[in-house]
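Listed here are the chains, written in short residue letters.
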Amino acid sequence: MKILVCVKSVPDRQSSFRVNAAGTGYEESGLKFGVNEYDLFAMEEAVRIKERFREVEITAVTVGPPRAEAALRKAMSLGAADGVLIDDSNGRATSALAVASLIAAWSRDKKFDLVLCGVLSEDLQRGQTGPMLAQLLGLPCATTVAAEKISEDRKSITCERELEGGMRERVLLPLPALLTVQSGINTPRYASLTNVLRVKQLTIPSIPTASLGEIPNSETTLRACLPERSAICEFLEGDLDRIAEQLLEKVRARVPVW
Amino acid sequence: MVSREILVVVEHRAGKLLPVSLELAAFGRQLAQIAGGSVMGVVLASPARSVAEEFAQSSGLPVLALENENFSAYNAEAYLRALARLVSERQPAFILIAHTAAGWDFAPRLAVAVSGSCSTGVAGFEAGVPIRFHRAICGGKISTEVAPILDTVAVVTMMPGAVKPTEPEAAGAVEVKSVEAGAGGTRALGLKQAPPRSLDLSRAEVIVAAGRGMGGPEHLGLIRELASLFDRGAVGASRPVVDAGWLPLEHQVGMTGQTVAPKLYLACGISGAIQHTMGMSRADLIVAVNTDPAAAIFSAAHLGIVQDLRRFLPVLIAKLRDKKEKKL
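Just so you know, the protein sequences line up as chains A and B, in that order.
Each step along the first sequence adds one to the number in the working numbering, with nothing skipped, and position 209 is 646.
Each step along the second sequence adds one to the number in the working numbering, with nothing skipped, and position 121 is 142.
Derived by calculation from the structure, the hints in this document are not laboratory data.
A quick note: this is a predicted structure, and the numbers were derived from the prediction, not measured.
Check the hints yourself; a few may be wrong.
Example chain B residues on the side facing chain A (calculated, C-beta under 7 Å, incomplete) [as the list claims (entries may be wrong)]:
#	residue
1	Ala122
2	Asp126
3	Arg130
4	Leu212
5	Lys213
6	Asp264
7	Ala322
Mimicking DSS-like on lysine-lysine, the simulated pairs with C-alpha atoms at most 25 Å apart in a straight line are [said to hold, decoys possible]:
#	chain 1	residue 1	chain 2	residue 2
8	A	Lys687	B	Lys340
9	B	Lys284	B	Lys348
10	B	Lys340	A	Lys592
11	A	Lys687	A	Lys637
12	B	Lys284	B	Lys344
13	B	Lys340	B	Lys284
14	A	Lys687	B	Lys348
15	B	Lys284	B	Lys345
16	A	Lys469	A	Lys548
17	A	Lys687	B	Lys213
18	A	Lys487	A	Lys592
19	A	Lys487	B	Lys344
20	A	Lys439	A	Lys592
21	B	Lys345	A	Lys439
22	A	Lys548	A	Lys487
23	A	Lys469	A	Lys592
24	A	Lys687	B	Lys344
25	A	Lys586	A	Lys487
26	B	Lys213	A	Lys586
27	A	Lys487	A	Lys637
Which chain B residues face chain A? A few, computed with CB under 10 Å, are given here [as the list claims (entries may be wrong)]:
#	residue
28	Gly137
29	Cys139
30	Ala157
31	Lys185
32	Thr187
33	Pro189
34	Leu268
35	Glu271
36	Ser320
37	His323
38	Val336
39	Lys344
All C-beta atoms, glycine included, are put in the ideal place defined by N, C-alpha and C.
Same shape as in the complex, but just chain B:
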């Protein structure tokens, strides 16, 4: 039996390849070692050649670039039509898509359109028959292994950062093809840049970040005070804190906020959703304080403290202040 293909949908924005595409390529290669089959990149763009060549060069994979004027910006309907046709022509075993704003938008619909199975937000896989994908549920408190329904195409979205890109041996071949891809009435109206921010968390050496576990905006004084004790300290926040209006968006760390790599990251009352930890996992030292010993944040932290922040932070602040005064 000939193993079926693995297709990797290349993610790009405004003519630029996004780094997650190379992680997907590496994921595809790992999967091919187990499941067999060849791996091919699929680019939907207009124009498509330059993005396709960039991907072929940096991933080493062959690329099929589909061109249609409706691909000049992301358009779910146009993507779906083109990809559904491609699936029915090539009958791949897997379609790998990045678990990003674009990926999770069209992946579940594509699975329905091609009567395939669908697993989203996977962080890795387990070899075997069937192949099992790892994904976290309940805010990272439970790990699961999910399997696609056999004998269909498996649509899989991969968490950014799950796999490290590999160095290519040689550039892959590029084929550019013009395709039909109607968008129905759906129209892309363009991108809106993030509002300018006065706070650049990427320059901070220490980030003291507040999560919902702080209990309320009235307790954020402790976070500010602790952050102020460091020369290059800043206040960070998890998404729920920003959504609740306790702190403005410019403090948000994570997938939809800023990506940071300070020397010290102190997560205070943050549960540790993957969308948050993705934005701070490159910190040199991660300290987590949370009352819940099962919180997922402790899987991302180097030092863990199971305590009530409102009692612990005042003690920590006093002690640090004391040490600084005595130059200890």
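Pulled out of the complex, with its shape left as it was, chain A reads as follows:
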């Protein structure tokens, strides 16, 4: 069985973001990048499937600039046998459809039995790449998967999708299929130091986007800006004691809850 895990290199969520010079997104320089957290849940799920069935081979793929290699190395240190960088150094893959089309063009002839993605990326939060990739590859798809089980004959997969309010929806998909994995489906493990050191030595194949055909787009970002500070939020300042005092006075005046 062959599993493809799609990963994305994203900035640390705690970062202070600035708008880029073009005014169309966030400025990448100065940010610390890591693997999209949702993709780590997808990666862990792939490793668990590998532990359940024998002869499972996991490949990780990413679309991004060369720095995204680090995300592949992370996936490889966690159990992916291979990592492939679709090198978008010129930043043409701006929309989800562009990213999905590149992965589809590269993976179409590789016959993956299961494709796993994170439910969305922490930075752009679109949640489109996974389902679009499924559609481009003609695969059935389930998003926000909170539990999955592959049948013994490996011909189908039963998923629990997370709905609003904690309810779940069960759905059966024939394999091959694509799932987008929700956080909390598992507890991702840490990579062993041996594996981290081992994958450091490996060369990661890089594929130029130009070799993968046309890059279609599904939307354009015309403007990015810092959100306007809410006019309603009043910031309390001073030393800790002063802040606590002010807070309790204001709370008491507006909602007498003690």
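Add chain B to chain A, keeping to what the hints say.
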């Protein structure tokens, strides 16, 4: 030039219309005022008439109800086939879908199937040519305006709560049509109810909620202690805290957790992702404490405090305790 239609995909579950459908209807109407064109609801259900009539009555929009046995529960493949055919027949300008578990499941695929553009999780729009949709990125720290690619159908998912429903003038007309909609091998196996919870946060008067910014489960004692100082106080949590196993699911506030409206909501170390704030924005007073002054939670809060919680909460607890003892 005749303006093209705006289609609104009605969301329902177990035969009941979901409230977000009426928000979508209002969103469609607002969009039509700018972009022109008529707005029509689309119901995919089996049976479809009762949901379609309920929507036509409460939204005032005309409804096309598509019926197929594969619509008796949500089925992505069946939805896609029926909607893709509808798009090729009617060539609408926009298809509006709720940004919910069902909506984000089929919307991006539908966009690909009909070679349309796709914008997800939008919270509003800006008039103009092209129309620009507002959406937040980077956990709400950056706002963006995105535009569909011109001359294609634009598939758009709207954040629940983005638009207020409007009162209809008169019920819209309903047409029920039986359609083909194969599901391939995809089979809906039914719903699984949320596990029963012993904690009903909706009854709490004060919720002290912990986010990842608390630093670790060993610091949650401060949250519990503060919550315990109120007669009807309870401990809430953001999703990452529940995912990490610091607190059980029954504490989770937000889209996939509980929706609450206490008198006081104290968000401690919560970044303020829209999925969380949607679940608590109706609180009378929202106080946010976070070390990051750019955290999105401050856009949802009435009172903001930029401090380290592990230093601030002990001071607050001592002071509140003191006031209670002295009956201040």
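Structure-based check of all given hints:
Because the beta carbon of alanine 122 of chain B sits about 4 Å from the nearest beta carbon in chain A, less than 7 Å, this interface hint is met. Among the interface hints, the one on aspartate 126 of chain B holds; its C-beta lies about 5 Å from the nearest C-beta in chain A, closer than the 7 Å criterion. The beta carbon of arginine 130 of chain B comes within 4 Å of a beta carbon in chain A, closer than 7 Å, and the hint placing it at the interface holds. Below 7 Å, beta-carbon pairs count as interface contacts, and leucine 212 of chain B has one with chain A at about 6 Å; its hint therefore holds.
Interface hint at lysine 213 of chain B: satisfied, since its Cβ lies 4 Å from the closest Cβ of chain A, which is below the 7 Å cut-off. The interface hint given for aspartate 264 of chain B holds, since its Cβ lies 4 Å from the closest Cβ of chain A, which is under the 7 Å cut-off. Given hint, alanine 322 of chain B at the interface with chain A, holds; its Cβ is 5 Å from that chain's nearest Cβ, closer than 7 Å. About 14 Å separates the Cα atoms of lysine 687 of chain A and lysine 340 of chain B, which keeps this hinted pair within 25 Å; it holds.
Proximity of lysine 284 of chain B to lysine 348 of chain B is assessed by CA-CA distance (about 20 Å); at most 25 Å being required, the pair is judged to hold. Among the hinted pairs, lysine 340 of chain B with lysine 592 of chain A is inconsistent with the structure: their alpha-carbon atoms are about 62 Å apart, more than 25 Å. Between lysine 687 of chain A and lysine 637 of chain A the CA atoms are separated by roughly 55 Å; this puts the pair beyond 25 Å, and the hint is violated. Taken as a hint, the lysine 284 of chain B and lysine 344 of chain B pair is honoured in the structure, with Cα atoms around 19 Å apart against an allowance of 25 Å.
The hinted pair formed by lysine 340 of chain B and lysine 284 of chain B meets the criterion: a straight-line CA distance of about 20 Å does not exceed 25 Å. Among the hinted pairs, lysine 687 of chain A with lysine 348 of chain B is consistent with the structure: their alpha-carbon atoms are about 16 Å apart, no more than 25 Å. Between lysine 284 of chain B and lysine 345 of chain B, the direct Cα distance comes to roughly 18 Å. Compliance with the 25 Å bound is thereby established for this hinted pair. With a CA separation close to 34 Å, the supplied pair lysine 469 of chain A and lysine 548 of chain A exceeds the 25 Å bound.
The suggested pairing of lysine 687 of chain A with lysine 213 of chain B is violated, with an alpha-carbon distance near 43 Å, which exceeds 25 Å. For the proposed pair lysine 487 of chain A and lysine 592 of chain A, the alpha carbon gap of about 16 Å is at most 25 Å, so the pair holds. For the suggested pair lysine 487 of chain A and lysine 344 of chain B, the alpha carbons sit about 58 Å apart, so the restraint of at most 25 Å is broken. For the hint linking lysine 439 of chain A to lysine 592 of chain A, the alpha-carbon distance of about 13 Å falls within 25 Å, and the restraint holds.
For a cut-off of 25 Å, the pair hint linking lysine 345 of chain B to lysine 439 of chain A is broken: about 63 Å separates their Cα positions. Note on lysine 548 of chain A and lysine 487 of chain A: the hinted pairing holds, with a Cα-Cα distance of about 17 Å set against a maximum of 25 Å. Taking the CA atoms of lysine 469 of chain A and lysine 592 of chain A, the gap is near 41 Å; set against the 25 Å cutoff, the hint is violated. Distance restraint check for lysine 687 of chain A and lysine 344 of chain B: the Cα-Cα separation of roughly 14 Å lies within the 25 Å cut-off, and the hinted pair is therefore satisfied.
With a CA separation close to 12 Å, the supplied pair lysine 586 of chain A and lysine 487 of chain A stays within the 25 Å bound. Between lysine 213 of chain B and lysine 586 of chain A the alpha-carbon distance is near 16 Å, which keeps this suggested pair within the 25 Å criterion. Taking the CA atoms of lysine 487 of chain A and lysine 637 of chain A, the gap is near 23 Å; set against the 25 Å cutoff, the hint holds. Taking 10 Å as the C-beta contact cut-off toward chain A, the hint placing glycine 137 of chain B at the interface holds, the least distance being around 8 Å.
Because the closest C-beta pair between cysteine 139 of chain B and chain A is about 5 Å apart, less than 10 Å, the hint holds. Taking 10 Å as the C-beta contact cut-off toward chain A, the hint placing alanine 157 of chain B at the interface holds, the least distance being around 7 Å. With a least beta-carbon distance of about 18 Å to chain A, the hint placing lysine 185 of chain B at the interface is violated under the 10 Å criterion. For threonine 187 of chain B, the interface hint is violated, since its Cβ never comes within 10 Å of a Cβ in chain A; the closest pair sits about 23 Å apart.
This hint is violated: proline 189 of chain B has a C-beta 25 Å from the nearest C-beta of chain A, more than the 10 Å allowed. For leucine 268 of chain B, the shortest C-beta to C-beta distance to chain A is roughly 12 Å, which exceeds 10 Å, and the interface hint is violated. Taking 10 Å as the C-beta cut-off, the interface hint given for glutamate 271 of chain B holds, the closest approach to chain A being about 9 Å. Because the closest C-beta pair between serine 320 of chain B and chain A is about 4 Å apart, less than 10 Å, the hint holds.
Hint status for histidine 323 of chain B: holds, given a least beta-carbon distance of 6 Å to chain A, under 10 Å. Given hint, valine 336 of chain B at the interface with chain A, holds; its Cβ is 4 Å from that chain's nearest Cβ, closer than 10 Å. A cut of 10 Å between beta carbons decides the hint on lysine 344 of chain B: the least distance to chain A is about 6 Å, and the hint holds.
Hint violations for this structure: numbers 10, 11, 16, 17, 19, 21, 23, 31, 32, 33 and 34, all remaining hints satisfied.
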